[in-house]
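Q: Protein sequences, first through last, are from chains Z and B.
Going left to right, the first sequence walks through residues 1072 to 1405 as our numbering numbers them.
Going left to right, the second sequence walks through residues 245 to 1020 as our numbering numbers them.
Quick caveat, the hints were computed from the structure, so don't treat them as lab data.
Keep in mind that the hints are not guaranteed to be accurate.
[Said to hold, decoys possible] Simulated crosslink set (PhoX-like; lysine-lysine; CA at most 20 Å straight-line):
1) Lys948(B) with Lys1151(Z)
2) Lys1309(Z) with Lys464(B)
3) Lys1309(Z) with Lys609(B)
4) Lys1291(Z) with Lys1340(Z)
5) Lys435(B) with Lys1246(Z)
6) Lys1122(Z) with Lys1192(Z)
7) Lys1291(Z) with Lys793(B)
8) Lys1309(Z) with Lys1340(Z)
9) Lys687(B) with Lys1192(Z)
10) Lys920(B) with Lys1340(Z)
11) Lys1210(Z) with Lys1020(B)
12) Lys1210(Z) with Lys448(B)
13) Lys435(B) with Lys1309(Z)
14) Lys509(B) with Lys1210(Z)
15) Lys509(B) with Lys1294(Z)
16) Lys803(B) with Lys1192(Z)
17) Lys1246(Z) with Lys900(B)
18) Lys1246(Z) with Lys509(B)
19) Lys435(B) with Lys1245(Z)
20) Lys902(B) with Lys955(B)
21) Lys1151(Z) with Lys448(B)
22) Lys1294(Z) with Lys674(B)
23) Lys907(B) with Lys964(B)
24) Lys948(B) with Lys1340(Z)
25) Lys1245(Z) with Lys1294(Z)
26) Lys724(B) with Lys674(B)
27) Lys641(B) with Lys701(B)
28) Lys747(B) with Lys793(B)
29) Lys724(B) with Lys701(B)
30) Lys495(B) with Lys1309(Z)
31) Lys732(B) with Lys1192(Z)
32) Lys674(B) with Lys1291(Z)
33) Lys509(B) with Lys448(B)
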Amino acid sequence: MKSINIYALRLAAMVLAVGLGFSMSASAEEASGTPSNKLGPADTVLRGDAKCTGCHDNSDNPPPTMLGLHPEVLAIGKTKHGVVGDTRTPTCSSCHGESTSHMKKPEAGGKRASPDRVFGKHTSNTAGERSGACLTCHKGSGRTHWAGSQHPSNDVACSSCHKIHAEHDTVRDKKTQPQVCFTCHKDQRADSKKISHHAIGEGKVACSDCHNPHGSAGPKLLKKNSVNETCFTCHAEKRGPFLWEHQPVTEDCTNCHTPHGSNITPLLKSRAPFLCSECHDGPHNSKVPAAGNAAGFQGGLTAVPSENYTGRACQNCHSMVHGSNHPAGALLHR
Amino acid sequence: MKIHNRKMQVSVLGLAVQCALAAMFALPMMAQAADATEADDANMRRPSNYVEVGAGYVSEDSAKFGEYNGLNDSGPYLIGNFSVRGGDSYEGGDGTLRWGITGTDLGTTSRELGATVGHQGQWHLNIGYDELRHNISDTYQTPQQGSMGGNTFTFPADFGTINGQSNPSARVLNATQLGAFHTTDVHTDRKNTSFGAGYIFSPKLSLKFDYNHLDQDGAKLLGVGALGAPATTGTWRAEAVNIIMNPTNYKTDTFNLALNWVGDKGHLTGSYFGSIFRDGYDSVSAQNAMLSNTSTAAPGLYQTNTMSTAPDNSLHQLNLTGGYAFSSATKLSGGLSYGRNTQDNSYLSGMPEIFSAPRSSLDGKVITTHADLKLTHQATQDLALSAGLKYNERENKSPSNMYQFWAINGVSTNLANVDYAANAPYSNRKTQFELAGDYRLSKGQNVRLAYEHESIKRWCDNYAIAGANCLVNPGNDEDKLGVTYRLKALDNVNFNAGYTFSKRGADFEGNAITPLAGLNTPNPDDVNALNYPGYIAYPYAKRDQHLVKAGVNWQASEKLDLGLNGRYARDDYNATLGVQDGHTASVNLDATYAYSENGSVSAYASWMNRERNLKAGAAGAGAVNEATSYALLVAPANIWTNQLEEDGNAIGLNTKHKLMGGKLEIVGDVSYSLDKSHYSTQVPYVANCGTPAVLTCGSTPDIKNELITLKLTGTYALDKSAKVGVGYLYQQLNSNDYYYNAYQYGYTPNRVMPTNEQAPSYEVHVVAVSYIYNFK
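Here chain B stands alone, though its shape is the one from the complex (with noise of 0.2 Å):
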């Protein structure tokens, strides 16, 4: 320890006498002292390094549990993380090198290493690796033969056909059919390998470059359909949807490269933003289930499926960014962006199309573009004023032709059925302008005044069908004002409160052309993306919105902080059909006892809840019309109803303890969490809907995922360079979900091969031991 002060300092004549008796009684003491003084300073300097070795073991397998985490097979597994850094910087003296490798979670798919090193003011480099498995089902049966990651799929040649029954329970596969069932992990890999160095030029010039490599491969599951009749009408047969496993086999190369400029009163970025992502496929297939390998396929009626995958497609983005400084109150900042957004991959052959597409390819573009500018003004020591431009635009430069083309459902031997469609280059330009003014009432009072609109346009260039609108919703404007207040109440309490109201207004094009209405023959006809007439998406629909917040903090004493926060909004859409309202809100209390400098508590619960109320034109059985008319779409006869309801409750308990002098730290987790979604329909116009034949009305069972969760860890030092580390966590997730319903053996729906997949509760203890070893 050093001490500075002039009551202790002493002249160089005491200074001898201090030092003879030192040397002559204590020299071992003294020895003792500075060497004390020394490891001082360099706890005062030196970086905490560490190297942690250990081992854990995980009582079950599940895919769920270790979806991100890396362990999701039990057993047994390595834990290695460290972290060490150094470099003259950590002296004290003239020198700026810092050098530091980090490894985390080196024993699982989730490990992570990187380093850097640098003259701090002068460069640096870098370059990390970090590997994710995201772990989506251990569950997952097919009969296909194919590997997970490749993207050919295709039955056993024993594996027949299956014929459809009305009732589901005598839907049964066949032994053979079963025996060609088999379970596979399906895992997608994101591998990032990175670089990033810098270099200052000088204080006010520096270049900044970063570069990322995303290597992606294995799989996400993906339903393909496929036709569930032959060509002659009459016996349906089932199966012909399957569940795959889509390849993820990708690359994706990021690019930043900035130029930063800062003086005194201004400061500048030019930078460069590369993507480039390549596909290792160009298609995946799989054999369709309905037809036997020896059937003569009819037209549209393909024995193997085949899908596009995601087209390699690069963008490349140059920006620039800067700010200017008037004066001290009042500044201005602004950038702008343009990017180039392009996509050729090849379009798929081979396939039994009797068509031929107008394109190879679909030489798309499209034109990214940004702009924004703020001010900012404090113009008194009480306001603060600020306004803001944004423009943003996405041009869709690509081609628009019609293709021909026969639908999974739309197979016939008569050409007449065969569809049509113009693809529809979508493009977006969406300006914003937002006005805002900042008062403090009094001290600790402050009072917010916003205002925003924003209006979007959207438009296909060159759209195939001449004169037509390929959207229905060509344009939004909304209105949003805003008034937030913030009090500090007592030096311990903090309040805070706001209420926003935002209008939205909608323009409609119902004789647009959509790539949907325009099916089998442009028909101006059909209208409203072939919606009932006064259909609206709830995006582009007129809507009102009330957004109230409020929240307080009292912090009720040195050691007890409480909090409370809660939001209600409520939208209500002006629309014929589509969705007419709903809400969110959510209510969150905290708080933290801190009951000494060795220990605090923290324990947090929310509640949120979100409803959303649609309405639909009549169809179906019972239907007095299926309505193709305003006046016909009257309720209850014409009309039903959705509700779509999600309930969230979340708690947790922290606590954290230094017990035997700091010698052993205590770490407690608990948390629950319990989520709910609910959907009921209404259908008026249906007496029997609710009957079990018919299952039209009513509600499904709930969708319900709990999940527990207890963490300890412990640490004990047992030096002042070693510990030993200790934990152990318990989660459970009972998940009831009726989404998995659909893919039993027996129990699929008319066209959808089984995959039996499970919901993926699961119940897991993990232990883990380690050895932690701390050096400076």
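Same shape as in the complex, but just chain Z (with noise of 0.2 Å):
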């Protein structure tokens, strides 16, 4: 602090004399006959900064900054990466790369390098060598399953998400992940609109609730080994193991769900008895058409409708789908 105050001090003599009209800093180098560079740029926000916050060289008049450049990437100072007193805190380089090229001053009229690595949208480095620069550190736990999984074989890098820079990193946040997610995932988006849908939107569950997006051993990154694994995680009351079991639950919650929205509550894939009717047509009366039926009296019947086929049809009786304890529960009745 007291480093930055002695310059604070010559910043506010400088724009004072500058204001009086007085040359001073010009004045006293000429005066001084000493060379200016006894003091070299000092570190701004990570130890070892300097050589990039300090920017550029002595011929550029005025002289350029990070915070004139780039003022936004200095919000690193706020985040767990510009934690200075952490010995593991990494430096610009430790990232972007020496980029011993980028600091060399350009031919005359040439276009100074770009540094190793960069991040941004119009970046040249590809995304296993953007992803390398995070993974040199971050590597194991949850990222285990990393190489070879989805995002890095579709070129997704870790800064295609995550804002290293930014204070508030969107999609580390559960209200305002998903709108990160749902930029390349927009099916998902328009799911999460419907009127059966996880509490996505109104920022109680986040993609990253089920999924692993840095890599996983379970089915479409989710988090667990199987889709059933990751949804007990919540629903541990459909776990059981019950009495009475019904096969297709307890193999794949998503032969009747569809988790990211449905039109058909709960999360349905469609609406009983027609979903039923996907995998029973014998017993009982699955094996009867239902059409317009399902609509009841109000939808034109004008006959007794059959509580197998309204409301919630086959549910209306058969309501233990997830599976039944009771000993007399065989049918999924109790």
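Using the hints, build the complex out of the two chains.
A: Pasting the structure below:
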């Protein structure tokens, strides 16, 4: 803080001098006859960042600084990557590379070379190169299955989703994360608007509650080893094992449910009895066509509507579709 | 602002002169500059904290509008949000302390509170509380006594019985019965309390622990079937099926303890995951309206129907995952899991069963085993290869026994009609093998080839019906081959396209005796789970699947970004009966125009369609035969069909503007979605199937849900640290769903008690004003 105040005083004095019409800076330099490079630039946010933040060279007039060029990048000081007291904290070159070409003055009329590793929209670095910078430190644990998984295989790098320099990394906030995922997963965006949905739009459920975007051993990047294990994390009441199991339920909840949103509550692929008829056509009334009967008397039916087709249809009685622990529950009635 | 440039540096003398001048003429100005510099430095490091307090007003009651946002009741709401962080790590020195407290939506039932503290790189602790009320219905009515969240529902003493009439419009409830109906809000609350801790022993070794306690209460609606006819045949009586408030009195404790080791080339995580679920109720009972309170129950005809509830259960799982880099080009990763899931709740007792269960509890046990291994190799700069293997097994080691019971539709004084069934502890084993190669054809041009083989085996251990298979689909094998092409056509155009073909084979065990087929007596003639011969449930049928997808993104200019993608999948099933084919298709169009640094407009449009076509064996009036053999299943005489169709459309527009030099920020969001579900049935063998008296063919009315949302928020900066926020939300849902027809007074089917639930249409306005105080 002390050195900062010295700079502040110098700056204040310079501004004052200029304002009063005195070219004190130039005069002082000329008077002293000493070169002005005895004090190198100091770090701004990260240890060792001066060679980047103190840009660029003597010929720049006025001298640009990182604050002027890319002020937003310095917000990294507010993030976990900005905790210089943590010995693991990186500096600019940890991620962007030593970038010696970039630091050289370009030929007259030439263009300055890019840093070794650039993470922005117009980068020429591959997704692998970009992610490699992060994986140097962030390895293991939840990223064990990153290599060869869906995201890197489709050129998605860490920086495609994460804002490393921003104080608020939107993808790590439950309320804003879905908007990041929906940038690519647009069918899921549309599904989340449907009448039956998880509380995604309301900010109470995030994609990462079920998925691990960094790779997983489960299907569809699910956090757990299987669809059911993932669902049971929150819906443990359906885990059983039940005395009477419903076979497709024990195998995959998505045989009947569509988790991102549905026109049929609760997150069902279709409405019973039509949903049930995708697996049953023999027992009981599942062999009988339902059609407009399902809309009952108000749908134009003049005969007695059947509880087998209307309302919950099959589930008016077979309500324990996730399994029953009742000794008389073989038909998932009780 | 700090400026580091040698040209700006001055000698000591120069500095002294400057300072002297400054001291003489401009001390106040200098002080201001110094303050500004400190403030800038703080801006770079110190977190942005805020406290927001305000009030909102909701115009209308709606459980659906407030389904998850806590705004289900009309009236005023408190707005309370805050985020405050601190610690010496924000000072830029050697400090590593960070702490934070946050609170959101404090004035609603969606409130959330959290706190964290820790020395980064050493340890951390966090606690959290998260509440979510799922509002299910505010129109549900019941004549039964019993509160939401309770587990006993009875009729008033004077309710009597309801006689079923053949004409629904004549099936009226008398004045006493109607007077018993009352509206009850149905909702279920989820309250999560969490605690987490982590400790870093060394750069290579760390420990992490997470605990979550989920406390649920409330109810969800559930059907309770009951016998619709008295023991003596004749008069059918009505409304024996009840829609009750099934209590969700649940508690779930979840633990996760993980030890992580990270080395130069390898990493390993060993963890324990535990989940313990408890239900506050063992049963839920509902009185049968078909029986008067004084009737004598016949066998299987219960005055009170008793349902089981979700049984207490636990899962304990050990996991080991890790990876090893043989070189920068070759990496291996994998994992092992072993889980033990048990359930031993006592069976219900005291119910009017004349049969005793063969056991007092299931003593259920499921062992889950998982293993995976993946090798990735960057063979050349242009070629990446990977090979993977996955193994998942769910082995249900629960005992299997024969159980006798009265089915709710099988009452008789004749014991020969008593049902028997053997519980089937289903097990399955899935193995997957995959190979993939990613080749860079040229700069910006990649092609990926992937092959996957999946095999599933299903069985039951110790099935009580000796020698029988418990399921008709003991296995599937699927081969999948896919190719994906990615092209960076220009600096600002990215294109991708892919095609995947998969072929699924299926084993079929038609002689299996499933629990359903084993009803009454274990009868080897009751094959194919009582489905018609040739009927195969869609998840297990042979299937060819084609999937095509493509997308293009065009950065038309620095300001304009356009994207278009689509997907089409077609399924063809090889089954005599059951799902025959289906498809899903979607197209999405996106555009973003960032017209300046202070504003952008983005828009999207999405369309999707899904269709499934089914065939089923003949049944019902007019059928030539209720087919019992393949030979009789000949269209059109003995086949009817179903078509299930879904359409979805969504469009949205989002704008963000900063005005008045950034003091005023306005965000606008408009979206519209329309989703339709439509089911149609063709019964070619019944000429009059479409007449109002029959209606076994034709179409259901569209299930149509149309949602319109307009959201406007604005914040105006009063000064550096204070803002005023104003918000307006308009949302309208037009829901048209025949589902509710069945539950209206006078229109219920022959056996269902009305609930008078209404489609959840609503039109709600919300206004909100808040004061936001920002500080560092």
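Q: Give a verdict on every hint.
A: Here is what the structure says about each hint:
no., hint, in the structure
1, Lys948(B) with Lys1151(Z), "violated (48 Å)"
2, Lys1309(Z) with Lys464(B), "holds (14 Å)"
3, Lys1309(Z) with Lys609(B), "holds (15 Å)"
4, Lys1291(Z) with Lys1340(Z), "holds (18 Å)"
5, Lys435(B) with Lys1246(Z), "holds (18 Å)"
6, Lys1122(Z) with Lys1192(Z), "violated (24 Å)"
7, Lys1291(Z) with Lys793(B), "holds (17 Å)"
8, Lys1309(Z) with Lys1340(Z), "holds (19 Å)"
9, Lys687(B) with Lys1192(Z), "holds (17 Å)"
10, Lys920(B) with Lys1340(Z), "holds (12 Å)"
11, Lys1210(Z) with Lys1020(B), "violated (33 Å)"
12, Lys1210(Z) with Lys448(B), "holds (11 Å)"
13, Lys435(B) with Lys1309(Z), "holds (18 Å)"
14, Lys509(B) with Lys1210(Z), "holds (10 Å)"
15, Lys509(B) with Lys1294(Z), "violated (24 Å)"
16, Lys803(B) with Lys1192(Z), "holds (13 Å)"
17, Lys1246(Z) with Lys900(B), "holds (18 Å)"
18, Lys1246(Z) with Lys509(B), "violated (36 Å)"
19, Lys435(B) with Lys1245(Z), "holds (17 Å)"
20, Lys902(B) with Lys955(B), "holds (17 Å)"
21, Lys1151(Z) with Lys448(B), "holds (19 Å)"
22, Lys1294(Z) with Lys674(B), "holds (18 Å)"
23, Lys907(B) with Lys964(B), "holds (9 Å)"
24, Lys948(B) with Lys1340(Z), "holds (15 Å)"
25, Lys1245(Z) with Lys1294(Z), "holds (16 Å)"
26, Lys724(B) with Lys674(B), "holds (15 Å)"
27, Lys641(B) with Lys701(B), "holds (16 Å)"
28, Lys747(B) with Lys793(B), "holds (18 Å)"
29, Lys724(B) with Lys701(B), "holds (18 Å)"
30, Lys495(B) with Lys1309(Z), "holds (13 Å)"
31, Lys732(B) with Lys1192(Z), "holds (13 Å)"
32, Lys674(B) with Lys1291(Z), "holds (16 Å)"
33, Lys509(B) with Lys448(B), "holds (11 Å)"
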